[in-house]
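> In case you want the letters, here they are:
Protein chains: 6
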Amino acid sequence: MKNMDCFESFLLNALSEDIGIGDITSDAIVPEAHRSEAVFIAEENFILAGIPFAEKIFRLVNPELKFTVSVKDGKPVKKGTVIARISGNTRGLLTGERTALNIVQRLSGIATLTRKFVTSVKGTSVKITDTRKTTPGFRFFEKYAVRAGGGTNHRFGLYDGILIKDNHIRAAGNIRNAVKLARNNSQHMLKIEVEAGSIKEVRESLSSGVDVIMLDNMTLRDIRKAVEIIHGKSPHPLIEVSGGITLDNVRKIAESEVDLISIGALTHSSAAADISMDITELSG
Amino acid sequence: MKNMDCFESFLLNALSEDIGIGDITSDAIVPEAHRSEAVFIAEENFILAGIPFAEKIFRLVNPELKFTVSVKDGKPVKKGTVIARISGNTRGLLTGERTALNIVQRLSGIATLTRKFVTSVKGTSVKITDTRKTTPGFRFFEKYAVRAGGGTNHRFGLYDGILIKDNHIRAAGNIRNAVKLARNNSQHMLKIEVEAGSIKEVRESLSSGVDVIMLDNMTLRDIRKAVEIIHGKSPHPLIEVSGGITLDNVRKIAESEVDLISIGALTHSSAAADISMDITELSG
Amino acid sequence: MKNMDCFESFLLNALSEDIGIGDITSDAIVPEAHRSEAVFIAEENFILAGIPFAEKIFRLVNPELKFTVSVKDGKPVKKGTVIARISGNTRGLLTGERTALNIVQRLSGIATLTRKFVTSVKGTSVKITDTRKTTPGFRFFEKYAVRAGGGTNHRFGLYDGILIKDNHIRAAGNIRNAVKLARNNSQHMLKIEVEAGSIKEVRESLSSGVDVIMLDNMTLRDIRKAVEIIHGKSPHPLIEVSGGITLDNVRKIAESEVDLISIGALTHSSAAADISMDITELSG
Amino acid sequence: MKNMDCFESFLLNALSEDIGIGDITSDAIVPEAHRSEAVFIAEENFILAGIPFAEKIFRLVNPELKFTVSVKDGKPVKKGTVIARISGNTRGLLTGERTALNIVQRLSGIATLTRKFVTSVKGTSVKITDTRKTTPGFRFFEKYAVRAGGGTNHRFGLYDGILIKDNHIRAAGNIRNAVKLARNNSQHMLKIEVEAGSIKEVRESLSSGVDVIMLDNMTLRDIRKAVEIIHGKSPHPLIEVSGGITLDNVRKIAESEVDLISIGALTHSSAAADISMDITELSG
Amino acid sequence: MKNMDCFESFLLNALSEDIGIGDITSDAIVPEAHRSEAVFIAEENFILAGIPFAEKIFRLVNPELKFTVSVKDGKPVKKGTVIARISGNTRGLLTGERTALNIVQRLSGIATLTRKFVTSVKGTSVKITDTRKTTPGFRFFEKYAVRAGGGTNHRFGLYDGILIKDNHIRAAGNIRNAVKLARNNSQHMLKIEVEAGSIKEVRESLSSGVDVIMLDNMTLRDIRKAVEIIHGKSPHPLIEVSGGITLDNVRKIAESEVDLISIGALTHSSAAADISMDITELSG
Amino acid sequence: MKNMDCFESFLLNALSEDIGIGDITSDAIVPEAHRSEAVFIAEENFILAGIPFAEKIFRLVNPELKFTVSVKDGKPVKKGTVIARISGNTRGLLTGERTALNIVQRLSGIATLTRKFVTSVKGTSVKITDTRKTTPGFRFFEKYAVRAGGGTNHRFGLYDGILIKDNHIRAAGNIRNAVKLARNNSQHMLKIEVEAGSIKEVRESLSSGVDVIMLDNMTLRDIRKAVEIIHGKSPHPLIEVSGGITLDNVRKIAESEVDLISIGALTHSSAAADISMDITELSG
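Protein chains in written order, with the working numbering: chain A, 1 to 284; chain B, 1001 to 1284; chain C, 2001 to 2284; chain D, 3001 to 3284; chain E, 4001 to 4284; chain F, 5001 to 5284.
In short, the hints are calculated from the structure, not lab data.
Be aware that one or more of the hints could be misleading.
What the hints assert, rightly or not - Here's a subset of chain D near chain E, in silico, CB distances under 8 Å, partners left out:
1. Gly3074
2. His3188
3. Leu3190
4. Val3212
5. Asp3222
6. Lys3225
7. Leu3238
8. Ser3242
Stated by the list, open to error - Partner residues aside, some chain F positions facing chain E, computed with beta carbon under 7 Å:
9. Gly5022
10. Ser5087
11. Thr5090
12. Thr5131
13. Arg5132
14. Gly5137
15. Ser5186
16. Ala5271
The C-beta atom is built at its ideal place from N, Cα and C for all residues, glycine as well.
Kindly produce the complete structure, drawing on both the sequences and the hints.
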């Protein structure tokens, strides 16, 4: 069960943004009782994500529209594949089209990019994870797409995990003090992660008893050194790598035995997948 | 004056999405009265867009934060440039950081891509315009960024312009009938545009008296032919080209004397600009 | 498909405004399981509008109430006619009554006044159109009623059409400049209308290439002169007449071959139609 | 102090309904920094109501607009009178104009009609009161206007008073039983009113110990008889007259010594007062 | 029919407060299609209240969950009793559990305390009534629980009854003047109650013609004296006693022939009833 | 920085619940310009919590009201102490009074009970923590009060910590499998806690590598045994005790060297603190 408010009210708002006072073109031209069948077709290869939201959108537009999904979220789709079939009132089909496509195209774009990174690290135990660099208001959906692509989610916000960054450390004086304050002033179910920019900070973090150490923008060489140091402690904290990750360097980093690689681009710079809706049968 | 609801309630919701029950890290570590100064710094070259929204976000987090903008929206920014300075309560700075950056980075990414297309057609009278292929819930902001990049906006939704597509034509029987229905059943202040996929459809649209003809996914050769036909009528409808536009072919298309080139990628596939917030002075 | 948010949330809010913490009279007196049948009866002659909203209101109050419509929106109703039958839980009937009647009575009042103007211009090609002089928060419904009465809608708001008034002209210096600015700074799907208060302004508007000219508060004589001037151009802009329109003068104006006559009174000064709900059968 | 939610969120919504994604005409034509002065001028004689809401509307559009009221709500205004002066950003002035006028014109229309009835009964102790026959969503404002006109308010909804109508009586079997049920099943701070359609029902209501008796659609002769009967009891219930009240018959009814006369037309059939906004000075 | 907004949106918000971005434990561990049966069991003796809200909560979480109620609101429940059975999707059961229990436990606590007071005054004609000392945002539900416990409701807010307290009296100069102002400036369907702290104030209230006199924090001796004075008038106002009421003294006060005893503790200091949800059958 | 939506919109809604269409008593009796000074006085000893929310409430009612706090949240207050002084418009004072007091009284009640438990375990390293057994819609505030009382917060909802209960274990087959699923299917920043009802389950949890073990409803003897077993591992999980905690047994449990004791009664069964608002000076 996910946050109910996200679903209904987000999608209603998205529809309202597009429809405003009405789909004036369809209302003017298409007879009210006109019925059609349509398909969602992949115009390129990608990993599908968000198709249940498309179904919900059409149901919000007109509860009698029938939406039949042929491919499940997380599955690869070849160009030309029919992803879903929609039938019913033609005005409803046309009115919901853009909003439904917009959400599936974007989420599939994210899933597709995520899958590329996940495939690149195959065989290692590394998890590809997202960041908080998401579109304002749309995070819940984008993080869902990361999971559909085979990635895992990092914190959903500032409230479900403690991540101590350089500015926090400066305000607290040093890492040890920051970690101590975090431990004392937070609920006990949340882990504490420290962002370390140098081997020196890795050592301080380690001795402060943190749960996760993030190696921020380090060279591969320093990452390997940091892993060696951290693995010298038992049990040792999780190791996350962040900053400057590309499809070119992700495999090498993954092989250095870190636990997580977080990539902002998954959600801030993926391109939308190309999908179109074609009406296949008119029964006006 | 823009739609007020977009501003306040969208930004509050975006903050709420990130903050949830609180910025637990900052609240645990940074003393309540601690004060700092910070800068927004460009980590690459781009066109700025959205900086007034960042100011608003910080003010919503804490009305006493001071945000001073150094660069205006629409201006090019060089890597290393200070875009804005923020000073005040440290917790507020840290709590607002991610949401503010997320919005400016995305909008600047859109403005930057738009500017590239605008620059490519410089010297022609063509307008680069966006589409309805936007992130659900975020359209108003994305279309703002297109303008900041030098582009113009197409319809904001299904309500402020009549765009007759192939499916509408099929439901109405033919272009002539579709245009007639649209003219009769809509308010008189909206123009009527028809999507034409062939020279034959261009001719039909022209004889139906439409205001705008969209040449959809045509070859450059067919575009030129269509322009010739349309310009044969006086006064003639506006000509829009859509589908498959890239930085490589946009100039050639622009030189064929069309009026508008619409590009979905402006909003569905631009990469976020890289900006960071650095705290420059602590005065805890 | 219309703006979903209008429907559900507007009607829920309207019910909430009337019901508050409960229909204390019905809840105190009528047994919970009591059932009845009731009718909506016309207490005078009028044009019906809004009956689908009444059905929705009762369904929001209690989804099991059955509402059967006998007359369609836009049809004339004679005094004594049964417009609809409602059956089911008595408390639900009584709780929804006032809100349902309020909306149908108001909208029917608007449709009735609109129909009088439409009938007055019968045989001409003039369209009777509304204005933005609507009840705050209720515009969508009032413009719906104008259509039910046989009128057409003007702009829904400041966002779906460009209407240049005297103040805009003064700020821009002159009509030509205002029109040029409007053309350059707006999306291309919207027409441009100029409000002309004199023959001189009509000429300026005409030479500026506007799409629609509104003759504002002109004498019949000047209207005729303006029409002559405008029709001298080919193709010529649409002509709208506005200001001081009554059932007495509307025919004469229509016969001057203008295209549209806009009338604020349709929505700001119509009287509600008289309708009552009578319970016809109790089956407690 | 009134219901806060009504004010801010109702007015924001009303503005949003008009502005949508923006006042495209003003934004295209008027320079952003352009400043003006304007006046609200009465175009006919009326009683003013709602001017504080106009001020609030302009402030919501742009907090820097200055709105100076010259006439207070409830005061008579002569044609030509300046009601208020507004100065500041020209775009803001133009964007807020219609919504502000719509609310003041409607409320002044209600106040004006109310004042006519109040003046008609001058010298008697009768109170002119409204009903629940209001525009959906706008009741709070309309009832405010009735007070500005010198009238008093009846119930605000189904929750702040018990009004037993014929249908309630039928469901309960008889008046006595209905009143008893109402007394037992409601909070003790609310009075109980019964709608009596005949002298017989007046007697039953009287013997049931109700607090108010409404004489519904009775002839003047029956009203007088009812008053005589009711005044025979000491202390006697309040007497309200309802149904078919006009400016022609209200005085006669008032002189029959009833306490309240309720009139649906105050809110459902008043015409808007005519007010315009004129820009008096440009300082672009 | 009660205020619709309370139900749906309050309960959705309560669920959202608990679920946030998801029930991560159940989603991680329980297979999506897993099904179970569960019971709500009383862990102590109490009066049940709120069970229909629990049903609604589960339906909001997952519309396919089946909730069968065994005991009605207002009925006494013995320790060990099965109050309701829930079956269906296991994740749904677990996700809705806490919110559903929280509401039933709290409301049953209030009903239980109310019933104790009601039972204590059995045989007298006194009504036990609540106050406005409720949990912010939750009043509608708490007042419902008071009724389930056999109590009656006082005002729901500042809008549905006039209660003149000492501060109002001071601002008006004296009781007589305050009552007169209240009578003149309010709608006629609301009764007027005065809070009297002394026998002197009781006499003044009585002579001012109020509808209800509240004896505030008086000794039993003074209460008796006040009753005697008030009963000397015919018809006499209702008498309410307020302040310092306990289960020890409520009977004595009730026997002094007052009409209402109001008790803030019903809603501000009752303990939640103990109820648990046990899964009785897994059918994964 | 806390969740903005909670603050403004929760408090506005709470005010709206009380005020509805207006504070009719104050509006009728107190002159609009009347001014007063008032104090919040403690009517018993307690720990203060929520006073900043009271300030916010009065500011929402009327921004010009001045609220001066004399005691900080978390501090003990003696009977008779002035907690805060409020001055300004008398109507505003009276309108905000009840909502402001309701929130401070409830939160102070929770803080007071929390402090009693915290004091009982003084000298041990045990933390007193709350549960999710809060009032629907009010959790954020109640958890704030627990902190003001010296307690710490457990999870805010189902989203910020993984707590595996008996039902989860049954669905997963055994503890080991449940923990494994939780570890694999959740974001890495959240700890995993298992509810253990027996020594056997304690051992299983321990060997599954959980972060926290909750000893649920165990005898003191079993708690001691569990602690011994768990402390045999290094580093060992945190130990939480839950179920049946009272002021009588909490010390003994704390001395068994557990880490956390969670107590539902803090939020579901505390009594409101007694506070009153007295007007001390009228300056009408």
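> Of the hints stated earlier, which fail here?
Checked against the structure, the hints that fail are numbers 1, 5, 6, 8, 10 and 12, while the rest are satisfied.
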